[in-house]
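Peer 1: Each chain, written out:
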Amino acid sequence: MPDYLTNRIARLGRGTMEAVASLGRSAGFLWGSLVGVPRPSVGLPLMVRQIYNIGVLSLAIVVVSGLFIGMVLALQGYYILSDFGSESAIGQMIALTLLRELGPVVTALLFAGRAGSALTAEIGLMKATEQLSSMEMMGVDPLRRVIAPRLWAGFISMPVLALIFSVVGIWGGMLVGVQWLGVFEGSYWGNMQSSVTFFDDVVNGLIKSLVFGFVCTWIAVYQGYDCVPTSAGISSATTRTVVFSSLAVLGLDFVLTAVMFGSF
Amino acid sequence: MSDRSCIILDDVVFTRGHRRIFDGVSLTIPRGRITAIMGPSGSGKTTLLRLVGGQLKPDSGRVLVDGEDVSRLRRKDLYQLRERMGMLFQSGALFTDLSVFENVAFPLRVHTPLPDDMIRDIVLMKLEAVGLRGARDLMPAELSGGMTRRVALARAIALDPELIMYDEPFAGQDPIAMGVVVKLIRELNTTMGLTSVLVSHDVPESLSIAHYACIIADGKLIGEGTPEQLKAHPSPRVQQFLNGQPDGPVPFHYPAPDAAADWGCVVPGEEDSRA
Amino acid sequence: MAQRTTDIIVGLFILAGGAALLVLALQVSGLTLKPGGETYSVQAYFNDAGGLSSRARVSMAGVTVGRIREVTLDQETFQARVVIDIEADYDSIPADSSAIIRTSGLLGEQYIDISPGADMESLADGDTFYETQSALNIERMISNFATGQGGD
Chain S
31 MPDYLTNRIA RLGRGTMEAV ASLGRSAGFL WGSLVGVPRP SVGLPLMVRQ IYNIGVLSLA
91 IVVVSGLFIG MVLALQGYYI LSDFGSESAI GQMIALTLLR ELGPVVTALL FAGRAGSALT
151 AEIGLMKATE QLSSMEMMGV DPLRRVIAPR LWAGFISMPV LALIFSVVGI WGGMLVGVQW
211 LGVFEGSYWG NMQSSVTFFD DVVNGLIKSL VFGFVCTWIA VYQGYDCVPT SAGISSATTR
271 TVVFSSLAVL GLDFVLTAVM FGSF
Chain R
7 MSDRSCIILD DVVFTRGHRR IFDGVSLTIP RGRITAIMGP SGSGKTTLLR LVGGQLKPDS
67 GRVLVDGEDV SRLRRKDLYQ LRERMGMLFQ SGALFTDLSV FENVAFPLRV HTPLPDDMIR
127 DIVLMKLEAV GLRGARDLMP AELSGGMTRR VALARAIALD PELIMYDEPF AGQDPIAMGV
187 VVKLIRELNT TMGLTSVLVS HDVPESLSIA HYACIIADGK LIGEGTPEQL KAHPSPRVQQ
247 FLNGQPDGPV PFHYPAPDAA ADWGCVVPGE EDSRA
Chain Z
7 MAQRTTDIIV GLFILAGGAA LLVLALQVSG LTLKPGGETY SVQAYFNDAG GLSSRARVSM
67 AGVTVGRIRE VTLDQETFQA RVVIDIEADY DSIPADSSAI IRTSGLLGEQ YIDISPGADM
127 ESLADGDTFY ETQSALNIER MISNFATGQG GD
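Residue numbers (the working numbering), protein chains in the order written: chain S, 31 to 294; chain R, 7 to 281; chain Z, 7 to 158.
Just so you know, the hints here were simulated from the structure itself, not pulled from any lab data. Some hints could be false.
Derived CB-CB ranges, DEER-like [to be verified]: (1) Z:Arg61 to S:Ser261: 36 to 44 Å; (2) S:Phe214 to Z:Asp133: 14 to 22 Å; (3) R:Gly185 to S:Leu64: 42 to 50 Å; (4) S:Leu211 to Z:Ile148: 27 to 35 Å; (5) Z:Arg61 to S:Gly281: 25 to 33 Å; (6) R:Gly185 to S:Leu155: 29 to 37 Å; (7) Z:Gln81 to S:Leu64: 48 to 56 Å; (8) S:Leu155 to R:Pro210: 28 to 36 Å.
To give a feel for the contact side, a few chain S residues facing chain R, derived at Cβ under 8 Å [what the hints assert, rightly or not]: (9) Asp33; (10) Leu35; (11) Thr36; (12) Ser164; (13) Met168; (14) Gly169; (15) Asp171; (16) Glu215.
Note that the coordinates shown come from a computational prediction; the quantities given were computed from them, not determined experimentally. Note that CB positions come from ideal geometry on N, CA and C, so glycine has one too.
Make a model of the complete structure from these sequences and hints.
Peer 2: And the structure:
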């Protein structure tokens with residue numbers, strides 16, 4: 031067998047082994063940070079602070095994006111639907127698109143870029159400056175003290191952000207559709223209400239955003255915790271967070287959509 | 007195992023990747039004394055502290071702290087053991103999002119059920135010991151390098167540990183800050199009876215405060231004894247390290263292929279023979 | 007920032023999430039807070055249920071009076087058996103009313119329209135519609151028209 035071929039195969043093998051090892055490490059890491067909940071008096075304030083850092087500070091970008099996406103959907107929807115004379119259906123189109131897909135997915139992508147990268151960089155820097163090590167040497171488990179509050183905060187923040195995103199988007203769609211393009215307000219809401227079902231659309235969207243919140247935060251904190259503690263290492267870990275989170279969100283979205291709305 | 011020894015390394019082997027960092031190191035660190043562990047950069051001095059703290063596990067051999075094998079301890083016991091250890095990191099490793107006061111209070115808040123006013127008293131006492139009681143409200147970013155290390159020291163002794171490990175306490179300090187650290191290490195040792203382990207490559211400072219010193223190079227212990235014994239050590243490698251000679255048993259040149267071949271010069275005689 | 011301020015802001019953040027959920031539930035999906043309300047169920051058999059699905063609207067004179075609970079196949083008659091939940095408030099629908107499958111708009115979803123009869127008795131729980139009209143199959147109509155067979 032030619033040399034370059036065996037080299038390729040060897041590299042593939044090594045890559046696979048590393049990927050599996052990394053997956054195993056991250057699972058162990060997750061386990062370590064979720065078992066053994068600290069005393070609420072200690073853990074709760076830490077988590078609240080992280081919800082502030084992760085959730086509240088991401089609010090601005092989520093609201094602005096939601097508004098614009100809702101407005102663009104109204105415009106596009108109007109021009110397509112008016113060909114069929116059913117422009118009053120934009121309410122339904124906007125609501126379903128936002129609740130089922132765009133709300134959870136776009137929020138998760140924004141979250142990965144805004145909060146995920148910040149989490150990775152923060153934890154990576156804490157590792158590089160030996161803060162995590164020193165915590166360990168003080169007899170405090172950094173997984174519980176540093177990682178767990180951030181994981182929970184991401185898990186809680188994401189659905190809240192996605193809900194707000196959807197509401198703002200629907201409102202933005204109304205601004206353009208009703209105020210500007212002249213769809214009747216009654217048929218905007220009426221069409222929406224007759225086609226959106228709470229448990230199918232709203233709750234499924236919520237489940238999606240819970241899953242995304244969990245995955246994105248997990249990736250972000252793990253990449254930070256596992257990074258090479260140098261400036262180059264932190265920067266590549268941050269990049270990996272954004273790339274992996276985005277891919278995971280889009281891939282999982284397909285799987286979840288197939289399970290939730292698919293007909294099998 | 008005598009009562010006088012606090013830490014025992016027994017034939018410890020540790021490898022990282024393909025590099026063998028420790029190749030059978032055995033070492034005894036006495037209780038209540040200052041022990042300096044010296045060696046060139048990259049000889050694994052910090053790794054040694056991490057082995058003692060249980061953050062790393064040796065490939066073979068044992069690390070005993072107070073008679074307990076650190077690498078075999080269960081997680082909970084290990085964390086309990088660590089509460090009795092203090093460690094001063096090279097960078098200080100203060101928590102950047104907490105003030106000086108909160109940094110020192112951190113171990114107390116986590117490990118003791120003490121009320122806030124008592125924690126305050128203890129923290130101020132520890133800060134007073136390092137001369138920084140007035141800096142309690144500063145953030146770590148506002149501190150100079152020397153002050154950072156002193157705050158970290160106050161934090162390391164917050165729980166009144168029995169053992170304290172210093173990782174390169176002198177590195178990158180100006181002469182005054184270095185003098186302060188030397189004074190603090192010595193005082194802590196005499197007043198609190200701490201077992202102190204000091205890892206450093208600053209020979210004069212280390213030897214000036216250590217009761218006992220050892221030198222590690224290339225994964226082996228190459229010399230140990232009191233500072234006087236070391237200065238009179240027969241080994242040329244020990245002498246080269248202590249006196250800072252650029253060339254000696256540890257060569258100036260990193261292993262390299264033959265210089266002539268590297269530059270493409272060919273010795274005239276060889277040219278003839280090839281032709 | 008003081009822990010207390012953070013606490014308050016985070017509390018508001020979570021409240022905003024709850025409010026958003028409420029808006030989505032009430033305003034967007036038209037969920038009513040009163041839990042379901044009392045209903046009674048009647049059934050109708052259709053030769054062709056078309057694209058009728060569960061939870062579709064059941065209306066009378068354009069007013070929604072109930073929802074479809076399920077659409078199943080009757081194994082004996084090979085007809086579609088549709089179970090309808092009608093709100094208990096509407097308790098005086100004549101027993102000889104007919105159920106018609108209609109389409110809202112040209113491309114909209116299908117729903118059942120109840121066309122009232124003249125009977126003095128009213129539909130009650132467990133009753134069956136006497137008369138039904140199946141879904142209009144546009145394709146079949148067009149092909150019938152094209153082959154000149156006319157309406158049946």
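Peer 1: Are glutamate 215 (chain S) and chain R close enough, Cβ to Cβ, to be under 8 Å, as the hint says?
Peer 2: The hint is violated - glutamate 215 (chain S) has no Cβ within 8 Å of chain R, the shortest such distance being about 48 Å.
Peer 1: Classify the hint on serine 164 (chain S) as holds or violated, based on whether any CB of chain R lies nearer than 8 Å to its CB.
Peer 2: With Cβ-Cβ at 4 Å, under 8 Å, it holds.
Peer 1: Taking the Cβ atom of glycine 185 (chain R) and the Cβ atom of leucine 155 (chain S), is their distance within the range 29 to 37 Å?
Peer 2: 31 Å, holds
Peer 1: Does aspartate 171 (chain S) hold up as a contact with chain R if the rule is Cβ-Cβ below 8 Å?
Peer 2: Interface hint status for aspartate 171 (chain S): holds (7 Å vs cutoff 8 Å).
Peer 1: Using 8 Å as the Cβ threshold, decide whether glycine 169 (chain S) counts as touching chain R.
Peer 2: At about 4 Å, which falls below the 8 Å cut-off, the nearest Cβ of chain R leaves the hint on glycine 169 (chain S) intact, so it holds.
Peer 1: Could you check the hint for me, namely that leucine 155 (chain S) and proline 210 (chain R) are 28 to 36 Å apart, CB to CB?
Peer 2: 34 Å, holds
Peer 1: Is the gap between the beta carbons of glycine 185 (chain R) and leucine 64 (chain S) within 42 to 50 Å?
Peer 2: 48 Å, holds
Peer 1: Confirm or reject the claim that glutamine 81 (chain Z) and leucine 64 (chain S) have a C-beta distance inside 48 to 56 Å.
Peer 2: 50 Å, holds
Peer 1: For the pair leucine 211 (chain S) and isoleucine 148 (chain Z), does the Cβ-Cβ distance stay inside 27 to 35 Å?
Peer 2: The hinted range 27 to 35 Å holds for leucine 211 (chain S) and isoleucine 148 (chain Z), with Cβ atoms some 34 Å apart.
Peer 1: Under 8 Å, Cβ to Cβ, is where aspartate 33 (chain S) needs to be relative to chain R, so tell me if that hint holds or is violated.
Peer 2: 22 Å, violated
Peer 1: Against the range 36 to 44 Å, how does the distance between the Cβ atoms of arginine 61 (chain Z) and serine 261 (chain S) compare: consistent or not?
Peer 2: Violated - the Cβ-Cβ distance for arginine 61 (chain Z) and serine 261 (chain S), about 56 Å, lies outside 36 to 44 Å.
Peer 1: Quick check on the hint: leucine 35 (chain S) CB to chain R CB, less than 8 Å?
Peer 2: Violated, because the Cβ-Cβ distance from leucine 35 (chain S) to chain R comes to roughly 26 Å (cut-off 8 Å).
The structure fails hints 1, 2, 9, 10, 11 and 16 (numbered hints given earlier, in ascending order).
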